[in-house]
Structures are given as C-alpha cells and as structure tokens.
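Generate the whole structure from the sequences, applying the supplied hints.
Taking the working numbering as reference, the numbering of the sequence shown is continuous, increasing by one, and the terminal residue is 290.
Take these hints with a grain of salt, some might be off.
As the list claims (entries may be wrong) - The calculated label-pair distances, taken between Cβ atoms and stated as ranges, are:
no., residue 1, residue 2, range
1, Glu250, Glu287, 26 to 32 Å
2, Pro187, Arg67, 49 to 55 Å
3, Ala30, Glu287, 15 to 21 Å
4, Leu245, Ala102, 19 to 25 Å
5, Ala249, Leu144, 40 to 46 Å
6, Arg171, Gln125, 23 to 29 Å
7, Ala193, Arg247, 22 to 28 Å
8, Asp197, Leu240, 22 to 28 Å
9, Asp58, Arg284, 30 to 36 Å
10, Arg284, Trp65, 39 to 45 Å
11, Gln159, Asp64, 50 to 56 Å
None of these hints come from the bench; they were simulated from the model. Ideal Cβ positions, reconstructed from N, Cα and C, are used throughout, including at glycine.
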Amino acid sequence: MADMTALRPRAEALAEPLPPLLARARHLAAGVVLGEHGRRRPGLGDAFWQFRPARPGDPARAIDWRRSARSDQHFVQEKEWQAAQAVVFWVDRAASMRFASAKNGETKAGRAALIALSTSVLLVQGGERIGLTESPAPPARGALQLERVAAALADPAMQDYGAPETATLPRHSRAVFLSDFLGPLEPVEAALATAADRGVTGALLQVLDPAEEAFPYDGRTLFHSVGGSLEYETRQAGDLKARYLDRLAERKARLAELAHRTGWQYHLHHTGDAPTSALLWLYRALEGRI
1 MADMTALRPR AEALAEPLPP LLARARHLAA GVVLGEHGRR RPGLGDAFWQ
51 FRPARPGDPA RAIDWRRSAR SDQHFVQEKE WQAAQAVVFW VDRAASMRFA
101 SAKNGETKAG RAALIALSTS VLLVQGGERI GLTESPAPPA RGALQLERVA
151 AALADPAMQD YGAPETATLP RHSRAVFLSD FLGPLEPVEA ALATAADRGV
201 TGALLQVLDP AEEAFPYDGR TLFHSVGGSL EYETRQAGDL KARYLDRLAE
251 RKARLAELAH RTGWQYHLHH TGDAPTSALL WLYRALEGRI
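Laid out in structure tokens, this is it:
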C-alpha cells in the first residue's frame with residue numbers, strides 16, 4: 001500500500017500535461033495539408049458509403065432500385081470497408097520513454113504521444129476509427145474517442161521497457177507502434193508475428209533522444225535507467241561509444257528487417273527534430289504511399 005501511495009503523485013504529475021498535449025496535437029494536425037478528405041474505401045461492411053453507377057458484371061441484387069428510379073441509369077450502393085478503417089496505436093509509456101537529455105526538454109513519451117494523437121486527429125477527420133491496442137473497447141470515431149485515447153496515455157507504465165499489446169488487435173486493421181524499442185526485441189517480434197497472422201499491417205516509429213544517437217559522454221559517468229532498476233558506473237565512458245553505436249545500429253537494422261518481413265514500415269524520429277515530419281511520414285505510411 002505504501003508503494004501505491006508513493007506512485008500516485010508520480011502518476012498524477014505525468015497525467016497533468018495531457019490536456020495541453022491534446023491541444024498541441026490538434027494544432028499540429030491542423031497545420032498539415034493532406035489534400036485527400038479521408039481513407040475510406042469500398043469493401044465488405046455494413047455502413048453506407050456512396051452510390052456509384054452500375055458497371056457490367058454487377059449482380060442485379062446489388063442495384064439500389066429506389067435510387068435508380070430517380071435517374072436514367074442504375075446505381076449500386078457501396079459499403080465502407082470497416083475493418084480497414086480501424087487504426088490502433090501502441091504508445092510505449094514505460095520508464096525508458098521518460099528520458100530527455102536536455103533540461104526541460106520533451107521526453108520520448110511526450111513526443112510519441114503527440115505524434116500518435118496528431119495522427120489520430122487526422123484519421124478521425126477522415127472518418128477513421130481509432131483506438132489503443134491495450135483497450136478492451138473497440139476502435140471508435142469522433143472527438144470523444146480522441147479524449148479517451150488522450151486520457152489513457154496519461155496512465156504511465158512503471159516497468160523499464162514496454163512491450164506491444166496484441167490481444168485485442170482487430171483483424172485486417174492498421175496498427176502503429178511508437179517506442180524507443182531499446183528493450184528486449186522478442187516481444188516486438190511476437191507482436192508483429194501475431195499482427196501478420198491477423199492480416200494487420202502498419203508502422204513502427206522509433207523515437208530516440210538526440211543523446212541516444214550521439215552518446216556525448218566521456219570520463220567518469222554513472223548510467224542508470226529512468227526507472228532506477230539498472231545502474232552502471234565507468235571511469236572512461238568515451239571508450240564505450242563505438243560499441244554502443246554499433247549495437248544501436250544493429251538494433252535499428254533489426255527493426256527495419258522485422259518491419260519489411262511482416263509488410264510494415266519503419267521510421268526513426270528524434271525528439272530534437274520537428275514532429276511534423278514524423279506525422280507526415282506516419283500518415284502516408286498508413287495510406288500506403290511509402
């Protein structure tokens with residue numbers, strides 16, 4: 001009980017920036033010119049999308065006779081491909097994502113949440129359904145769903161590294177995993193394998209702090225995980241740089257390979273860069289334009 005009491009102020013402090021973050025996400029999305037009004041497409045579903053003129057080969061039962069009676073040609077009702085409209089996000093909120101090298105700089109968790117919410121705003125504007133992989137509720141449309149997603153992102157995870165949830169991943173949907181992917185890769189491999197089995201494609205967005213790329217450490221240095229469970233001290237941190245950068249390069253190459261093998265897309269984003277580029281890349285990846 002004492003541990004839970006101590007964790008509550010930390011959780012509330014982390015949740016505090018979420019309403020302004022949602023406002024930032026809406027502002028960021030508003031500045032993006034996409035041209036297309038949405039990603040809706042015809043297919044199997046229950047919801048009416050549009051009428052189109054009948055074409056040779058359309059069965060007679062597909063013709064909407066009421067609509068056709070008001071014209072000199074026959075029309076067919078097209079339904080939305082509802083499964084393809086579901087886009088679910090896994091936004092890593094583990095302790096490693098709370099790292100920021102710059103004083104008062106944006107954390108990886110904050111940037112990942114901003115990009116996920118901004119993308120969600122654009123998807124909702126296009127008529128898409130959005131959700132989180134760990135939520136038992138199905139993906140949904142609308143401003144209320146955006147608020148639910150933002151509220152869920154306020155709940156931090158206490159373990160050092162996160163792992164994607166796939167238990168409720170809808171079949172034939174799209175998915176986005178946002179993380180630093182610095183923890184064990186086995187859970188990520190398993191999640192991508194499950195997604196592939198369910199016909200789910202999507203994108204991996206790796207979010208790193210600039211210091212994690214540059215390794216600007218030298219001399220005596222104490223490294224410790226954000227969660228405090230790991231600690232390592234060295235007198236010559238500079239000697240670790242080459243090995244660290246090699247392992248980081250291997251990690252990024254492995255993620256790109258996993259994405260390629262399962263029909264996903266991979267992209268690297270740094271918190272020191274503008275979020276607009278990552279937002280555009282992610283939206284285009286979901287559109288299949290990359």
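Against the structure, the hints:
no., hint, in the structure
1, Glu250 to Glu287: 26 to 32 Å, "holds (30 Å)"
2, Pro187 to Arg67: 49 to 55 Å, "holds (50 Å)"
3, Ala30 to Glu287: 15 to 21 Å, "holds (19 Å)"
4, Leu245 to Ala102: 19 to 25 Å, "holds (20 Å)"
5, Ala249 to Leu144: 40 to 46 Å, "holds (43 Å)"
6, Arg171 to Gln125: 23 to 29 Å, "holds (25 Å)"
7, Ala193 to Arg247: 22 to 28 Å, "holds (24 Å)"
8, Asp197 to Leu240: 22 to 28 Å, "violated (39 Å)"
9, Asp58 to Arg284: 30 to 36 Å, "holds (33 Å)"
10, Arg284 to Trp65: 39 to 45 Å, "holds (40 Å)"
11, Gln159 to Asp64: 50 to 56 Å, "holds (54 Å)"
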